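Trainee: Next come the chains, spelled out residue by residue.
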Amino acid sequence: MKERQMISNKCAISSNTFRSIYLIVVIGGFKNGVFGLKRLQKITYLSEVDSPIKPYTFKRHFYGQYSEELANTNNQLIQLNYVSHNLLLGSQCSVYSISKTIDISYYRDILKKIDPELVERISETIDEFGYLSEEKLIELCYSLPSFKGKNSGDVVLESVIPDKVEITGLNLQQCEELELAFSAPFINSMLQIVEGMENTTIDFNKVNKVAIRI
Amino acid sequence: MPSEYRLLIHNSFQYQIDEFLEKQQPSWDCVVKQLRKIIDSPEQLPMQNLPPQLSGKVFHVHVPGYHIPSRKGFRLIYIVLIHQKIVLPVYLSLVIKSQFNYDEVPWQEYAHEIYEDLHNANMEKFTEMTLISK
Numbered sequence: 001m002k003e004r005q006m007i008s009n010k011c012a013i014s015s016n017t018f019r020s021i022y023l024i025v026v027i028g029g030f031k032n033g034v035f036g037l038k039r040l041q042k043i044t045y046l047s048e049v050d051s052p053i054k055p056y057t058f059k060r061h062f063y064g065q066y067s068e069e070l071a072n073t074n075n076q077l078i079q080l081n082y083v084s085h086n087l088l089l090g091s092q093c094s095v096y097s098i099s100k101t102i103d104i105s106y107y108r109d110i111l112k113k114i115d116p117e118l119v120e121r122i123s124e125t126i127d128e129f130g131y132l133s134e135e136k137l138i139e140l141c142y143s144l145p146s147f148k149g150k151n152s153g154d155v156v157l158e159s160v161i162p163d164k165v166e167i168t169g170l171n172l173q174q175c176e177e178l179e180l181a182f183s184a185p186f187i188n189s190m191l192q193i194v195e196g197m198e199n200t201t202i203d204f205n206k207v208n209k210v211a212i213r214i
Numbered sequence: 001m002p003s004e005y006r007l008l009i010h011n012s013f014q015y016q017i018d019e020f021l022e023k024q025q026p027s028w029d030c031v032v033k034q035l036r037k038i039i040d041s042p043e044q045l046p047m048q049n050l051p052p053q054l055s056g057k058v059f060h061v062h063v064p065g066y067h068i069p070s071r072k073g074f075r076l077i078y079i080v081l082i083h084q085k086i087v088l089p090v091y092l093s094l095v096i097k098s099q100f101n102y103d104e105v106p107w108q109e110y111a112h113e114i115y116e117d118l119h120n121a122n123m124e125k126f127t128e129m130t131l132i133s134k
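Going line by line, the protein sequences match chains A and B.
Going by my numbering, the letters in the first sequence line up with residues 1 to 214, in that order.
Going by my numbering, the letters in the second sequence line up with residues 1 to 134, in that order.
Fair warning: there could be bad hints in the mix.
[Claimed, not checked] The calculated DSBU-like cross-link candidates involving lysine-lysine, where the alpha carbons are at most 35 Å apart (straight line), are:
hint, chain 1, residue 1, chain 2, residue 2
1, A, K54, B, K33
2, A, K209, B, K97
3, A, K209, B, K33
4, B, K33, A, K10
[To be verified] Output of the computed footprint for chain B on chain A, the stretches with three or more beta carbons under 8 Å from beta carbons of chain B:
hint, stretch
5, 80-86
6, 173-181
Think of the hints as simulated: they come from the structure by calculation, not from any bench.
All of these numbers come straight from a predicted model, not from anything done at the bench.
Ideal Cβ placement from N, Cα and C applies to all residues, glycine included.
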């Protein structure tokens, strides 16, 4: 019985779903949202440097460490309405914040179940570097030894993450829900169906009928 | 007592039913029983962590199979429109839960077909399924 319980309380999510959850926790760690995509890139990078789990690969870019995967994940989170993206009044700076309906503590708990130190590491990175001016943050990232010797396009930090990330303490259903919640094809499809249904009055006189005995 | 919800089947789900009957015929009664439970009480097990526009509208249930270990079984995903009192099943797994991959499900194809038929009022592509107790 104990063994059965242990099995049912362990499941796995895909690396893509893990990346989405990680980014939500990073963005949600900022008090008033993340001011600028560069800041989001650099803080995520810095949170990964000393971590055994590295969700994103970063390359050397004109503005420092840059991850294409992170930019794509962020765009997907915006498109799925988990992250909101607004322009700061009177400037061209984008502010990224977690949508009000998102329960950030749930995602923090998931990361803690994967590695208890992940959330702490993200919080410490944000506290130490997250509110520096953008110039100082970029300057800091430029000064790192891992960055200095690299050419444009070279990998600065390689992602270290299994294809399936195991989570102890969640059951199969919870993992399934997470997987689907971050699947753009699933979410977009459900939205399309719901929109179609809500905007149509079904004329039940015109639909076929079938009766099944049970 | 008849359910106040109506079970609406689109052709894209009917294909899945047909395929299920072909491959998992012994478990079909289990699917029907779950459909019965769903229309009697559709608002059980809403999927968690969905974007706000889908919150409380997309549901999933475990379908136990015939001679299949209880923890295995199939997956049924459906949409509930509370105001219209309609239950629309969208997906039924053809194999037990540990053996399928959600990435391989043609979600967009299902959605496109349903949306187009709604938009073009192709009501003949829909079937109202009534479940009658013997």
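Trainee: Hint by hint, say whether it matches the structure.
Mentor: Now for the hints, and whether the structure bears them out:
no. : hint              : result
1   : K54/A with K33/B  : 45 Å, violated
2   : K209/A with K97/B : 30 Å, holds
3   : K209/A with K33/B : 19 Å, holds
4   : K33/B with K10/A  : 29 Å, holds
5   : 80-86             : holds (count 3)
6   : 173-181           : holds (count 8)
In summary, the one numbered hint that this structure violates is 1.
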